[in-house]
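Using the sequences and the hints, build the whole thing.
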Amino acid sequence: MLTDEFGREVTGVRVSLTDRCNFDCVYCHNEGLGDTRGPMDPQDDEMDTDDVVRFLEVAAEFDVDAVKFTGGEPMLRQDLEEIIERTPDQMEVSLTTNGTFLPGRAEDLVDAGLERVNVSQDALDPADFAEITKSGAYEKVLEGVDAALEAGLDPVKLNMVVFKHTAGYVPEMVDHVAKHDGLQLQLIEYMPELTGKPEWNIDIERVHNWLEERAVEVEHREMHDRRRYWIAEGAVDDEDAGDVTLEAADRSELGMVEIVDPVENPTFCANCHRVRVTHEGYLKGCLNRNDDLKSMGEMTKPEIREAFREVVANRVPYYGEYMVKNDDGEWVVNDEYIEKYAQA
278 MLTDEFGREV TGVRVSLTDR CNFDCVYCHN EGLGDTRGPM DPQDDEMDTD
328 DVVRFLEVAA EFDVDAVKFT GGEPMLRQDL EEIIERTPDQ MEVSLTTNGT
378 FLPGRAEDLV DAGLERVNVS QDALDPADFA EITKSGAYEK VLEGVDAALE
428 AGLDPVKLNM VVFKHTAGYV PEMVDHVAKH DGLQLQLIEY MPELTGKPEW
478 NIDIERVHNW LEERAVEVEH REMHDRRRYW IAEGAVDDED AGDVTLEAAD
528 RSELGMVEIV DPVENPTFCA NCHRVRVTHE GYLKGCLNRN DDLKSMGEMT
578 KPEIREAFRE VVANRVPYYG EYMVKNDDGE WVVNDEYIEK YAQA
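Counting in the working numbering, the sequence shown runs from 278 upward without gaps.
To be clear, the hints were calculated from the coordinates, so they are not data collected in a lab.
Predicted model only: the values in this text are computed from it and were never measured.
Check each hint, because a few of them may be wrong.
[Stated by the list, open to error] Okay, derived cross-link-like pairs now, DSS-like style, lysine-lysine, Cα gap no bigger than 30 angstroms in a straight line:
#, residue 1, residue 2
1, K441, K474
2, K456, K474
3, K411, K345
4, K441, K411
[Claimed, not checked] The calculated label-pair distances, taken between Cβ atoms and stated as ranges, are:
#, residue 1, residue 2, range
5, V609, R528, 38 to 46 angstroms
6, D388, D458, 18 to 26 angstroms
7, G574, E489, 25 to 33 angstroms
8, E334, L401, 38 to 46 angstroms
9, E490, T326, 19 to 27 angstroms
10, Y614, T326, 15 to 23 angstroms
11, V610, G445, 29 to 37 angstroms
12, E476, N567, 21 to 29 angstroms
13, R483, G413, 26 to 34 angstroms
Quick reminder that beta carbons are idealized off the backbone N, C-alpha and C, glycines included.
Structure (structure tokens):
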């Protein structure tokens, strides 16, 4: 297993299979690369099936035990089932999708080896959903969630980015997962530095406080400094709902809501164990940076091994190391790295 100089073992990889997408979500940062969406037809710059599998085989040599396929919209790849089927057996396989292509394919994906799925769903109202995603596919997304559950992908995590345009929908989304078995909600902090819209940002701590008032149980995951909230049905409208004891409400009867808040969170960065791969075959050591992209060349196994070792060796926690606080409490680039990249 490869370890960077900060002691962080790389145990997972996040592989973007395409930058194409049938949605145009207003908050999307495309895995940190910005808005690079091109034509919807397959593109020559995308890694082909063998490239992806070859990379995963090398990652498995380094004891990587989990892969998440992303995009763009990864289900635009018609070879997704084959890629999953050829993924090394030691790896847990998960997928992040907008859900529109799950009807008719979810069962085949599970048969190929898919174990978990995250579906992006930012609102429960079709008009609001269309405004955020620039898509009229709301009903198709709901069908996709049902198809995933029917195929045995339980729980299905619903991803919701929390920012100015979606914050008002949080209560109904929380109530939605509390009412429906098999669903969990992952609230993802908006990342203004990647989208260029700081005016859309909200204080995520307000969402934490709101959930804590209504939760039956709060679970703190120290590794990424994440909090999980277990919510009873109907708790959204009842600030005293958190007084219910665990004995009175088993976890199986509760909805689980987790907040992913990496912004200005050194603990999150200090415990990051993932390396990312762009659809073009570049390794990326950090979501927040694009100055660390490393080509895997012609994608031969020796080239992949060399690039993988180099990227891991150069990984740096973004908040707390690459970015540090100045005397005014503002996050600024560490002078050490300004000098380093100026000399490179």
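Of the numbered hints stated earlier in the document, which are not met by this structure?
When the structure is compared with the hints, numbers 2, 7, 9 and 10 turn out to be violated.
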